[in-house]
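Enquirer: Chain residues, written in single-letter form:
Protein chains: 2
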Amino acid sequence: MNIQIVSAHPDPNSLTNALRDVAVEQLRADGHIVRITDLYAVNWKSEVDREDFSALPPSQRLRVPAASGEAFASGTLTEDVKLAQERLLEADALILAFPLWWFSMPAILKGWIDRVYAYGFAYGVGEHSDTRWGDRYGEGRLAGKRAMLLVTVGGWASHYGPRGINGPMEDLLFPIQHGVLFYPGYDVLPPFVVYRADRMDETGFEVTSEDLRERMRNVFNETPIPFRQQNAGDYVIPAMELRPEAVPVHLTGFAAHRASE
Amino acid sequence: MNIQIVSAHPDPNSLTNALRDVAVEQLRADGHIVRITDLYAVNWKSEVDREDFSALPPSQRLRVPAASGEAFASGTLTEDVKLAQERLLEADALILAFPLWWFSMPAILKGWIDRVYAYGFAYGVGEHSDTRWGDRYGEGRLAGKRAMLLVTVGGWASHYGPRGINGPMEDLLFPIQHGVLFYPGYDVLPPFVVYRADRMDETGFEVTSEDLRERMRNVFNETPIPFRQQNAGDYVIPAMELRPEAVPVHLTGFAAHRASE
Numbered sequence: 001m002n003i004q005i006v007s008a009h010p011d012p013n014s015l016t017n018a019l020r021d022v023a024v025e026q027l028r029a030d031g032h033i034v035r036i037t038d039l040y041a042v043n044w045k046s047e048v049d050r051e052d053f054s055a056l057p058p059s060q061r062l063r064v065p066a067a068s069g070e071a072f073a074s075g076t077l078t079e080d081v082k083l084a085q086e087r088l089l090e091a092d093a094l095i096l097a098f099p100l101w102w103f104s105m106p107a108i109l110k111g112w113i114d115r116v117y118a119y120g121f122a123y124g125v126g127e128h129s130d131t132r133w134g135d136r137y138g139e140g141r142l143a144g145k146r147a148m149l150l151v152t153v154g155g156w157a158s159h160y161g162p163r164g165i166n167g168p169m170e171d172l173l174f175p176i177q178h179g180v181l182f183y184p185g186y187d188v189l190p191p192f193v194v195y196r197a198d199r200m201d202e203t204g205f206e207v208t209s210e211d212l213r214e215r216m217r218n219v220f221n222e223t224p225i226p227f228r229q230q231n232a233g234d235y236v237i238p239a240m241e242l243r244p245e246a247v248p249v250h251l252t253g254f255a256a257h258r259a260s261e
Numbered sequence: 001m002n003i004q005i006v007s008a009h010p011d012p013n014s015l016t017n018a019l020r021d022v023a024v025e026q027l028r029a030d031g032h033i034v035r036i037t038d039l040y041a042v043n044w045k046s047e048v049d050r051e052d053f054s055a056l057p058p059s060q061r062l063r064v065p066a067a068s069g070e071a072f073a074s075g076t077l078t079e080d081v082k083l084a085q086e087r088l089l090e091a092d093a094l095i096l097a098f099p100l101w102w103f104s105m106p107a108i109l110k111g112w113i114d115r116v117y118a119y120g121f122a123y124g125v126g127e128h129s130d131t132r133w134g135d136r137y138g139e140g141r142l143a144g145k146r147a148m149l150l151v152t153v154g155g156w157a158s159h160y161g162p163r164g165i166n167g168p169m170e171d172l173l174f175p176i177q178h179g180v181l182f183y184p185g186y187d188v189l190p191p192f193v194v195y196r197a198d199r200m201d202e203t204g205f206e207v208t209s210e211d212l213r214e215r216m217r218n219v220f221n222e223t224p225i226p227f228r229q230q231n232a233g234d235y236v237i238p239a240m241e242l243r244p245e246a247v248p249v250h251l252t253g254f255a256a257h258r259a260s261e
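One line per chain: the protein sequences are A and B, in this order.
Reminder that position 136 of the first sequence reads as 136 in this note's numbering, one-by-one numbering, no gaps.
Reminder that position 166 of the second sequence reads as 166 in this note's numbering, one-by-one numbering, no gaps.
Okay, chain A solo, but in the shape it has when bound:
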């Protein structure tokens, strides 16, 4: 299969990139074709601005959804964005590898999402009716593909546990896993998270690498996180709220959007 890895650490010798390379090695050993986009190495432009939309008349306000939709439809997005979109369409799986900075992804990776995820490509796809609210959350242009996060974290695991002070890791990652990956259609695999990344010694690296290799060997077999599909009956349209028949009314928050809850 074809796998796209996007990584976002400024140091080529970082733990994030070392683990990325462990993943690549295993995937290639298993016969997959792997493409790496190292956002720092390609000097990725992080900011959405007018330069992204050369067809937008200077007199016209920059409304990002409209401008990106028109540029996507007319093929006038920038070359870096068009290439990234092509690679996402070609790949059967996407892995995002990054250090957790301030409880989210580094700016350069957020900027990759902000720019590559054009209207008409990753959102604003599909028809709206009484029974469908566009192709999103389990449907969309990237449906049928798999995605996974590889995250290195400075802090302790317990600080990110169910009652840990930072908030549970699965909730901190929900805006990415559900909002960025499941939204345009990806099946999202459980994340691979490494804690106390700055303190890892060689033994720790070997153990972690073997865990990661095992995950990579099963990347096309593993069961995805059971996020609820938008148009499969669990949500009222157009309010897009969970139906009482689907999820008991006392359940709220991120967890209610997983079918196992």
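By construction, these hints were calculated from the structure, which means they are not laboratory data.
All figures in this text were calculated on a predicted structure; none of them were measured in a lab.
Where hints are given, some of them may not hold.
Below are the DSS-like pairs computed for lysine-lysine, each with C-alpha atoms no more than 27 Å apart in a straight line [what the hints assert, rightly or not]:
| # | chain 1 | residue 1 | chain 2 | residue 2 |
| --- | --- | --- | --- | --- |
| 1 | A | LYS45 | B | LYS82 |
| 2 | A | LYS45 | A | LYS82 |
| 3 | A | LYS82 | B | LYS82 |
Take the given structure of chain A and dock chain B to it, following the hints.
Expert: Positioned in the frame of chain A, the structure of chain B alone reads:
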């Protein structure tokens, strides 16, 4: 009082910036001193990289916490970052104004956090002992100041409600309000969130502006979100998990970190 506003929309005529200016006008009318940092206007650099740490020997790995801590301590952070830090120290309140892109802030604002929030400035502050785990989550260099988000959102409010498909807005904002603002000490005010931003007409803008003016008139009187202080007894040190005596054991997730829960 002294108020710092940081805004992050690429169009000077956007709703985000129009609302920012409504806030500025009211705050100035009330006698406050307001400084605006428009990240697009100043061409803010979003990416943390080696250029941020000129004192780091080329042969040395870039470990961001260590490098930023050394640069902060030795006064060798870049001028844009040092100026931003000075302004945060001078201000009594901080307002971040931005459009919600992919359930988080635009990359340029994330890059402002990533770069300005150096080790020793916003984290890595204070002593660790049996009774304290550094000055964070309610303590820290920015303690005693207030902060607030002004967020424009394309989607519908119900989609961001307690059972809305995107997840509740207060949970989507938790990594920012708790993880970015409360962490270095800010008292965090409830966010000002505008939905269906792309569809707002003049009447809607007037109503919204008046709501915002009212919020600005009370910015130093309003009750902050009651996030739990780290070192006030609710958490076990060093595991940093909620004590059963503080919060019943069946409560997990973001909400458990608000004292009202």
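Enquirer: Give a verdict on every hint.
Expert: Status of each hint after checking the structure:
no.	hint	verdict
1	A:LYS45 with B:LYS82	holds, 23 Å
2	A:LYS45 with A:LYS82	holds, 13 Å
3	A:LYS82 with B:LYS82	violated, 37 Å
Hint compliance for this structure: hint 3 is the single one not met.
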